Amino acid sequence: MSASPLVDIRGLEKKFDLSGSLLEQVSFKNGRFQRKQEAVHAINGVNLQVFKGEALCVVGESGCGKSTVARTIMGLLSPTAGEVHYEGKRIDTLEGKALLPYRRKMQMIFQNPYASLNPRMTIQQTLEEPIHFHHPEWSKADVLNKVQEVMQSVGIDPDWGSRFGHEFSGGQRQRIAIARALAVDPEFIVADEPISALDVSIQAQVLNLMMDAQESRNLTYLFITHDLAVVEHFGTRVAVMYLGRVCELAPTKALFASPRHPYTQALLSAIPRLEDGRPNYIRLQGEVPTPVNLPSGCVFHGRCPYANDRCRQEIPELFATDDGGQVACHGVEEGRL
Amino acid sequence: MALLEVKNLDVRFAVRGGDLTALRGISFSLDKGERLGLVGESGAGKSVAAFSILNLIAQPGYIAGGQILFEGKDLAAMSERELRKIRGNRIAMIFQDPMMTLNPVLTIGTQMVEAIKAHRRISTKDARAIAVDKLRKVQIPSPEKRLDQYPHELSGGMRQRVIIAIALLLDPEIIIADEPTTALDVTIQAEIMALLLDLCEQENVALMLITHDLGVVSQVSQRMLVMYSGRIIEQGPTREIINDAQHPYTQGLINALPQMGEPGARLFQIPGAMPSLKNVPSGCPFNPRCSFATDECRRTMPEYVRAGNVDVACYEVERLIAQEQQAREVTP
Numbered sequence: 001m002s003a004s005p006l007v008d009i010r011g012l013e014k015k016f017d018l019s020g021s022l023l024e025q026v027s028f029k030n031g032r033f034q035r036k037q038e039a040v041h042a043i044n045g046v047n048l049q050v051f052k053g054e055a056l057c058v059v060g061e062s063g064c065g066k067s068t069v070a071r072t073i074m075g076l077l078s079p080t081a082g083e084v085h086y087e088g089k090r091i092d093t094l095e096g097k098a099l100l101p102y103r104r105k106m107q108m109i110f111q112n113p114y115a116s117l118n119p120r121m122t123i124q125q126t127l128e129e130p131i132h133f134h135h136p137e138w139s140k141a142d143v144l145n146k147v148q149e150v151m152q153s154v155g156i157d158p159d160w161g162s163r164f165g166h167e168f169s170g171g172q173r174q175r176i177a178i179a180r181a182l183a184v185d186p187e188f189i190v191a192d193e194p195i196s197a198l199d200v201s202i203q204a205q206v207l208n209l210m211m212d213a214q215e216s217r218n219l220t221y222l223f224i225t226h227d228l229a230v231v232e233h234f235g236t237r238v239a240v241m242y243l244g245r246v247c248e249l250a251p252t253k254a255l256f257a258s259p260r261h262p263y264t265q266a267l268l269s270a271i272p273r274l275e276d277g278r279p280n281y282i283r284l285q286g287e288v289p290t291p292v293n294l295p296s297g298c299v300f301h302g303r304c305p306y307a308n309d310r311c312r313q314e315i316p317e318l319f320a321t322d323d324g325g326q327v328a329c330h331g332v333e334e335g336r337l
Numbered sequence: 001m002a003l004l005e006v007k008n009l010d011v012r013f014a015v016r017g018g019d020l021t022a023l024r025g026i027s028f029s030l031d032k033g034e035r036l037g038l039v040g041e042s043g044a045g046k047s048v049a050a051f052s053i054l055n056l057i058a059q060p061g062y063i064a065g066g067q068i069l070f071e072g073k074d075l076a077a078m079s080e081r082e083l084r085k086i087r088g089n090r091i092a093m094i095f096q097d098p099m100m101t102l103n104p105v106l107t108i109g110t111q112m113v114e115a116i117k118a119h120r121r122i123s124t125k126d127a128r129a130i131a132v133d134k135l136r137k138v139q140i141p142s143p144e145k146r147l148d149q150y151p152h153e154l155s156g157g158m159r160q161r162v163i164i165a166i167a168l169l170l171d172p173e174i175i176i177a178d179e180p181t182t183a184l185d186v187t188i189q190a191e192i193m194a195l196l197l198d199l200c201e202q203e204n205v206a207l208m209l210i211t212h213d214l215g216v217v218s219q220v221s222q223r224m225l226v227m228y229s230g231r232i233i234e235q236g237p238t239r240e241i242i243n244d245a246q247h248p249y250t251q252g253l254i255n256a257l258p259q260m261g262e263p264g265a266r267l268f269q270i271p272g273a274m275p276s277l278k279n280v281p282s283g284c285p286f287n288p289r290c291s292f293a294t295d296e297c298r299r300t301m302p303e304y305v306r307a308g309n310v311d312v313a314c315y316e317v318e319r320l321i322a323q324e325q326q327a328r329e330v331t332p
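Chains G and V supply the protein sequences, listed in that same order. Just so we're aligned: the first sequence equals residues 1 to 337 in my numbering. Just so we're aligned: the second sequence equals residues 1 to 332 in my numbering.
Hint data in this document are derived by calculation from the structure and do not stem from the laboratory. Honestly, I wouldn't trust all of these hints.
Label pairs and their computed distance ranges (CB to CB) [to be verified]:
{"#": "1", "chain 1": "G", "residue 1": "152", "chain 2": "V", "residue 2": "62", "range": "43 to 53 Å"}
{"#": "2", "chain 1": "V", "residue 1": "62", "chain 2": "G", "residue 2": "13", "range": "32 to 42 Å"}
{"#": "3", "chain 1": "V", "residue 1": "114", "chain 2": "G", "residue 2": "11", "range": "32 to 42 Å"}
{"#": "4", "chain 1": "G", "residue 1": "305", "chain 2": "V", "residue 2": "321", "range": "43 to 53 Å"}
{"#": "5", "chain 1": "G", "residue 1": "257", "chain 2": "V", "residue 2": "83", "range": "23 to 33 Å"}
{"#": "6", "chain 1": "V", "residue 1": "320", "chain 2": "G", "residue 2": "317", "range": "57 to 67 Å"}
{"#": "7", "chain 1": "V", "residue 1": "141", "chain 2": "G", "residue 2": "315", "range": "23 to 33 Å"}
{"#": "8", "chain 1": "G", "residue 1": "305", "chain 2": "V", "residue 2": "74", "range": "49 to 59 Å"}
Bear in mind the structure is a predicted one, so any value in this text is a computation, not a measurement. Note that beta-carbon positions come from the ideal geometry of N, C-alpha and C, so glycine has one too.
The shape of chain G in the complex, shown without the other chains:
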C-alpha cells in the first residue's frame, strides 16, 4: 500500500431534495403560509481513501448510501459538500475537457447487465464507442485490435462482435460490460453490485474474471455490494456503511475475525452459512430509520443494544483501533464493548 491514496474523498455529503419547487413547498395552515423543505440525506460526511492496487469494498443494506458514494466519486452526481480527489487533484469541481482524462482513468461497472448495454448497438459498437471517444486519433485497425484484445481477455469470442446484447446470457452480458470498462485501459474501476443480478455459478465466473483483470492490469477497485460473503473473498479492506455514514473500516481479515461496531457484528451474524443448522444471528431492534429525518447522535443508536445517552446526542467519529481498522462507536472508544 503506497502512502498517498489514489482516490481520496473528504467530508462527502449528498442530499437529494424532496420538496420540489417553491410552490410545492409552500402550504397554508392555521391562517398562515408555511414553507417546508425536506431532503434525503443519502451521505452524511464520508471520508474514504482508496489505495493503488487494492479492492476496497463498501457494504451495507439498501438505502445506506453505498451506491450514492460510488456515483459521486465517478462524477455522475455532484456532492452537496465535500471533496473528491484523484491522485491528489480535486476532480469534483472539474468540468468538460478538464474532466476527460479522469473519465478515462475511472470506469464503472453497473449492477444490471440487462439495462447497462444499449439494446440497439452491437457488441462491437458498444466496445468501440469508449475508445473512439477517448482516443479519437486511433486508426481503425488500432481500435479493432483493442476491441479484440478486451473481448478475449473477458472470455467473449471476438467473432461475436456483430451480435446484439439480447443474444447473450446475463453472465456474458456482464463480461461485455466489464470489457467495455477495460477498453480504455482504466486504473480505477467502480463496480456497483456487479454480480448481484447473476446466478451463483455465474457469480463465481465473473468474480474470477474481475480478480484476473485486477492482477494483469494492476487495477484498483471500489466494489459496492450487500453480499458479505463476496467481500470476505474479494476485498482488501472493507467499509461498512449505515445510513450514509461509515461505521467501520478495516482490513478484510480483521473485520471478519473481530468486528467491532455493533452493526457490523449484527450484519456478519446474519449471513446464512452452510455449516449452520439453524439461523443464528444478533437480533436488532426495529428497522433502519428514514434518511429524511436522521436520528440525532449516532445514526445506529435506535437499534443498538448498547446505546447510552452519549450515543443519542453526540455523533461518533471514526478512530483507529489497535487491529489496524477504524470504527465510529462511542462504546468501543470508551472500552464498553
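On the provided structure of chain G, position chain V as indicated by the hints.
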C-alpha cells in the same frame, strides 16, 4: 402416507414451434411438519414446480403427466372448485416480492378478512380477531393498528411478515415459500427466516422453501432437492448433501460459493451456463458443463441411484458406487 406426494410430474409450455418441457419426471414427497428446501439457479424450474403443486400453472403452461397427491387426492385432476378449497386454505403460498403480493388499494385488514371469509362462514368481527392473532404471531407490533393501514405504510420486512400472517390465517398444513427473502436485506432476511422456521415448528406446518441461496436452505430445511434444467438431479437429507454432495453440479454450486474459497484465491467455477429450455442437450442436461461427462451421459438421462440416504441422477456416481462394491467383493 406422505402429506404431499408428487409423482413423475411433467409440465410443458405450448409455444410456437412445439412444446417446451419445463419439468421432467419430478418426484418427491413432503411429510407433515417437514421442511423441504428446493434449490437451483434461475430457469431450473423451481417456481414452476411450486406453482404446479397448486395447479396454478397458467396458459400456455400445462401439466402433461404425473400426479400431485395431497392426502391421497390428485390435485392435477381436480376441478377448479375443489382446488379452491385447498389453495390458501390447506396449502398456502408466500411469494417473493411482498409489494406485488399485497393489494395496494386495500388495507391489510380488508385483505386478511377477505382471505378468511373466502373459506369460512364467519363474522367480520371474528375474522378480524383471527387476523390480529396471526399478526401478533409474526411479531408485528400493535397489530390492531396495522389492520387499518395500507401496504405502502409498512417497510419491506413488515410487509413480508404480513404475507406470512396471511399464509397462516387458515392454519394450513403446507406453506410453499417461493424465494420469500430474496427482495430483503440480510439482517431482515435472517429475522424472517427465523420467524418462518419457528412458526412452522410451533404449528407443525410443512414448509417447502424455494431459494437459490444454499446458506438459507442449510439453515432451514431438513431435506433438500437440487434442480437443474427441469429435473431433480439430487435429493436427500440437507446436511448430508451440503457436507458431501454427490452430483457434480451440486458440488460445483457449493464450491463456487465465496465462503468456500480461500480469501483472494480463484473461486471454483462451473464453465458455461444452464441451457435454455429451447435446446436442452440430450442425455444428462448437465453434460456440456460436466468434467466427468462420457458418451453415455450425452446419450441417455441417468436414473436415480442411492448414495447413503441421497438419491442422485448421475452416471459418474453410479460408476463410483459400482467400483466401491467391486473393491468390497475383492477384499471381503
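Hint by hint, here is what the structure shows:
For residue 152 of chain G and residue 62 of chain V, the Cβ-Cβ distance of about 45 Å falls inside the hinted range of 43 to 53 Å, so the restraint holds. One distance hint, 32 to 42 Å for the beta-carbon pair residue 62 of chain V and residue 13 of chain G, is violated here, with the actual separation near 57 Å. Taking the beta carbon of each, residue 114 of chain V and residue 11 of chain G are about 52 Å apart, not inside 32 to 42 Å as hinted. Judged by the Cβ atoms, the range 43 to 53 Å given for residue 305 of chain G and residue 321 of chain V holds: they are separated by roughly 51 Å.
Distance hint check: the CB atoms of residue 257 of chain G and residue 83 of chain V are about 53 Å apart, inconsistent with the given range 23 to 33 Å. Distance hint check: the CB atoms of residue 320 of chain V and residue 317 of chain G are about 59 Å apart, consistent with the given range 57 to 67 Å. With their beta carbons about 28 Å apart, residue 141 of chain V and residue 315 of chain G fall inside the hinted range of 23 to 33 Å. Under the hint 49 to 59 Å, the C-beta atoms of residue 305 of chain G and residue 74 of chain V, about 52 Å apart, fit the expected range.
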